[in-house]
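Produce the entire structure from the sequences given, and follow the hints as far as they go.
Number of protein chains: 4
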Amino acid sequence: MNTLGQNLTLTTFGESHGPAIGGVLDGFPSGITVDTEYVRECMQRRRPGQSTVTTGRQEQDEVEFLSGLLDGVSTGAPIAFIIRNTDHHSSDYDELKELFRPSHADYAWEQRYGIRDWRGGGRSSARVTAPICVAGALATLAFGKILPGLKIKAFTSQIGPYSTDPAKDMEYAGVNVETNAVRCPDEQLASKMEDYIKDLRKEQDSTGGCVTCIVEGLPAGIGNPVFDKLEASLAKAMLGINACKGFEYGDGFQSASQRGSEHNDAFRMEGGNITTATNHSGGIQGGISNGQPIRFRVAFKPTPTIGQEQNTVTRDGRETTIAAKGRHDPCVVPRAVPVVESLTALVILDQYLSSK
Amino acid sequence: MNTLGQNLTLTTFGESHGPAIGGVLDGFPSGITVDTEYVRECMQRRRPGQSTVTTGRQEQDEVEFLSGLLDGVSTGAPIAFIIRNTDHHSSDYDELKELFRPSHADYAWEQRYGIRDWRGGGRSSARVTAPICVAGALATLAFGKILPGLKIKAFTSQIGPYSTDPAKDMEYAGVNVETNAVRCPDEQLASKMEDYIKDLRKEQDSTGGCVTCIVEGLPAGIGNPVFDKLEASLAKAMLGINACKGFEYGDGFQSASQRGSEHNDAFRMEGGNITTATNHSGGIQGGISNGQPIRFRVAFKPTPTIGQEQNTVTRDGRETTIAAKGRHDPCVVPRAVPVVESLTALVILDQYLSSK
Amino acid sequence: MNTLGQNLTLTTFGESHGPAIGGVLDGFPSGITVDTEYVRECMQRRRPGQSTVTTGRQEQDEVEFLSGLLDGVSTGAPIAFIIRNTDHHSSDYDELKELFRPSHADYAWEQRYGIRDWRGGGRSSARVTAPICVAGALATLAFGKILPGLKIKAFTSQIGPYSTDPAKDMEYAGVNVETNAVRCPDEQLASKMEDYIKDLRKEQDSTGGCVTCIVEGLPAGIGNPVFDKLEASLAKAMLGINACKGFEYGDGFQSASQRGSEHNDAFRMEGGNITTATNHSGGIQGGISNGQPIRFRVAFKPTPTIGQEQNTVTRDGRETTIAAKGRHDPCVVPRAVPVVESLTALVILDQYLSSK
Amino acid sequence: MNTLGQNLTLTTFGESHGPAIGGVLDGFPSGITVDTEYVRECMQRRRPGQSTVTTGRQEQDEVEFLSGLLDGVSTGAPIAFIIRNTDHHSSDYDELKELFRPSHADYAWEQRYGIRDWRGGGRSSARVTAPICVAGALATLAFGKILPGLKIKAFTSQIGPYSTDPAKDMEYAGVNVETNAVRCPDEQLASKMEDYIKDLRKEQDSTGGCVTCIVEGLPAGIGNPVFDKLEASLAKAMLGINACKGFEYGDGFQSASQRGSEHNDAFRMEGGNITTATNHSGGIQGGISNGQPIRFRVAFKPTPTIGQEQNTVTRDGRETTIAAKGRHDPCVVPRAVPVVESLTALVILDQYLSSK
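Protein chains in written order, with the working numbering: chain Z, 6 to 361; chain W, 6 to 361; chain C, 6 to 361; chain V, 6 to 361.
Keep in mind that a hint or two might mislead.
Because identical chains cannot be distinguished in the list, a pair is counted as satisfied if it fits within a single copy or across any two copies.
[To be verified] Keeping only pairs whose Cα atoms sit at most 25 Å apart, straight-line, the calculated SDA-like set for lysine to any residue is: (1) K207 <-> E267; (2) K361 <-> P153; (3) K203 <-> R264; (4) K207 <-> Q259; (5) K361 <-> V78; (6) K361 <-> G222; (7) K102 <-> N284.
Hints listed in this document are in silico derivations from the structure and should not be mistaken for laboratory results.
This is the structure:
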């Protein structure tokens, strides 16, 4: 179903080329002042076309709030909002009506529902992440009031062959990544990533990448064993992002080759408080936050839409080829950064509300 | 909360050293004959103490079914079952009452609830996975009737420095892994893993590892966009297993360094059916199965319980040290194999029932 | 929360005087052709101002579909729709800002959320039932395809002192009630009810009433024990309607004074099929439909908004009086008829989808 | 499904003649001391065989707690408990295997699941309410700590032709009803009810009745609009009780014949606090408690099991007759009193936890 969360629920709707996309955020705390300009900025961060690197469809997105606010303050009623689809030249997609694009959801969706919205990916378009960013901005505003110390920061940690050093994750969490087009906290690496993407555009190809996210300031004791663990809820949310192929937290897959004596985080006292000497665990034990920063990484596959010719089949079972026309975004990873932050804010607010 | 699933729900309960652990499986199809001996065997696969490699607590687990069956056939009513805890020498854990074990859930749980069951990890013990295996066995029996071609197979793909070749995953899916103590389909590698674990036992240390799972025979069209994607539901279930640190499917984190031209799975016709030339996607597109085998990998951290002395603190904030006494399992990964299979069966049956 | 249902979920949003009200219907079957004109008509049935009897605010409601449809056919994606609020003279309600209207939700809501949308009842306005009627029309269209024999029919069975004869319920289910302003199947009684309402308008007073609903054509075997019984789900949905005070099915409260020998529905054979001689049960046994018509009745209190002067208090605890200005609807019962039908369609479709 | 609640969930399981019945209570607050003797007494109140009036099967029920408690204190982990079925002479029911008892769930269940547990009603037996009473006792203990002023009191308000005066409901809430076998607060009426039941037993017949419930001490502001209203949640829970045919709160069905000027509860000040002059509303407005006592009434049909001969059919469609053998309880209403109290405690604790 199209609903995320338990006590704080986000229901999203909308297809790439329908009249509008949007969402309903229910269970949101009352009394939160909603700075709509801030929300708009958060949402704009995920849109394509912001630079020479991530060019694509130009979305002049404006969010309209329909309910749940009185004079800009949340009332406890569900907050509904919509974003009109303005740039919907469905005819551009006419040829997609009768064939399945490789590694897109076209075929699977049609097997599931017997029908699919073939216009620009329909419900499977990356555009469906826009409402997530609106809701994430609202969750962030709520934290500003109920847990002011909380800081959620994501950044691009890998694009193709270029990766940041995981040892510097906490340092990177303090860097403004909006200064470069790929949202990488290491400027030199960012420059290489940008060049790589430009080359891929010329080659009509695309690349995958990773986003790392750090949550600081979450107190210990937030989370719900056994099946709604904090990390499990984060994993579920992240795997819901288009093109996501993996999730790891703390030392993640690296833990598989570690020894216990190396991985364990020894407890110690610091200023009268219990803390840990290291944070291989990534801030969560047994599904519950332990007061240390939460650290996780999300992997994305390369954008499946490429200009190169690929083999595929038609709906009626005829082999053919396809080559995407026009300009395509060779790398969605920088645009996933605000989506990861937004989902993190939503998941943590939901768990926070149920752990109080 | 302690419930997994939407239409097929598993609610588990029980602590390591309470009277019993168990579960309630609701939404299970009626008319399924339950071979209790098969269920018992499935559950026994996850228990420690099966070999010289994975020795530890001897659990003589017997599952008792309390409801939902009439003459061994499911009636559609919830199936409840319990496993008595027989080997509970709580006094062994007396010293744990007042201190927090490094990288265990002790501290986080106490911050969450103000109280914790300190006896053997309580609700955070690996023992809580036993009911999952019972329920997974039931789901497998249901598939035997409603989707006989389905085959779910997991195996150990990494222990410490030793990893299987991902290119052979599909081949390994056909191998019986019960022939060696580490459940690795490559016998030579299995031997090295066993030696490695024996060495770690001597060193009073532990190791992490990975489990790979392959699902064959699932038809296209099973899954639910946008927030209940098949891969998201699998990720959530896996991250709920004790010590799990990561989940990836298809090419997973490797996708981050790939190009679209390399990662995309071209469609082609085969015997009149639509199929794909490769399976980098891991059998899922847009949250819905595409008819190809589902392939994913799960990472586990090293067992936090080790015999070496570690720094820690007491509940009242005094620094101290701890060294686990007695024999400890240096590697839980082989025991996680049946748990991964069980959760996969449960998640897929749930999604199958809601996708029909 | 603002979501109804399990597999078919309706999330509604919107306040009386915000920008719009609307809903998201998720889990709706794909492949259903949506006749938007039919939907509009269904929604219009619940609006006030249709006759001299039920005059009030003139709502020129138009429903706009935002998602989930492709060329008018449902795709399986969530169907979102909105209805703009056009007639929102918030200033009319300025005096309500600082006091609590008797038997309205003003006070309770403010105690719950610390803030309330005082404009026209906000989220507690009867206007929030409009999206229910839109969703109910969609559910009815779905039944037209998947269970064509199903017929859901509600009518006004009581207004103040005037009641229809319960013994004629099944006969009334076949009568077109749109021929009179109160939607009562007995035209003579309807006339008396209309006169009664006209008198109440003069007296600045209001009245309660009842709606009876009959469902024919539902096969046996639809429903879910133990806590999601068909009747329990219907009761929950009905009690969610504004001003609803009670729900009974079959012989309802009358059963309390009956004997078993009188109430029991004896089974008998008819044309080779199992049926019952009577239907005191109201078509449901043990939470599951038994193939007989489902029959239930819903009670509504008198509209709390009246022109007579009433005692009340201000937000800062000062005793005062209030008398509603302008024209008010002395009886909402006729308008509740389509809402009862809509919720019935939604609940039964949800249970049907989960009972297949 | 067999789960009640959102944040506090009760999952029940078990059939009349299986090995055991029981439940899992999840989301229960930690730190609550569980007086198991109190719980046992609460559960015993619902069992048959307590007097000459409500004789029937002798159940020597003992509840065993399996999890969620440490030295008698709740830990926040799910609390599982079972009650063994000792008196299960399944052979008594052999003849029921092949026919459907009138107004029992036999036929509907078999249509739903294709199989039914015919032994003593299986999952549809009144025995399934025992776990509800255990969980209700736990909820009551929790309120003892977190909301000590809360008082939930139910009593028998009607049996057949004998009804208590609704005007005295609040007075009756203070009366100990355990002094008579029918749990009626009016001793004279109780005596008539007892005689009536004795007569019915002789006539091999049964009777319906009503239970009224009063909740005092619930502060204003507890509840959740729009679809999870407090009254809607109560209605759903009550309609889940075996044999329940109706729910009304406040003036209920009587409201249908009232005028607004008569029904509205005027606000007034009392000792500096906002209160209402009357309580026709029954303590809830717009789905949220308003600080006044909550008052509702639940109707039960006559026990369908009677000794008189009734017409029915066999599974293979042959008309026959049935007459229940042995002693039968002609009236379950007194036994429903503790069930109503228990469900009320569970619903209100759930809503309380989510409204804080």
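To see whether the hints hold, each was checked on the structure:
{"no.": "1", "hint": "K207 <-> E267", "result": "between (45 Å within a copy, 16 Å between copies)"}
{"no.": "2", "hint": "K361 <-> P153", "result": "both (16 Å within a copy, 20 Å between copies)"}
{"no.": "3", "hint": "K203 <-> R264", "result": "between (41 Å within a copy, 13 Å between copies)"}
{"no.": "4", "hint": "K207 <-> Q259", "result": "between (35 Å within a copy, 23 Å between copies)"}
{"no.": "5", "hint": "K361 <-> V78", "result": "both (23 Å within a copy, 19 Å between copies)"}
{"no.": "6", "hint": "K361 <-> G222", "result": "both (16 Å within a copy, 23 Å between copies)"}
{"no.": "7", "hint": "K102 <-> N284", "result": "between (50 Å within a copy, 24 Å between copies)"}
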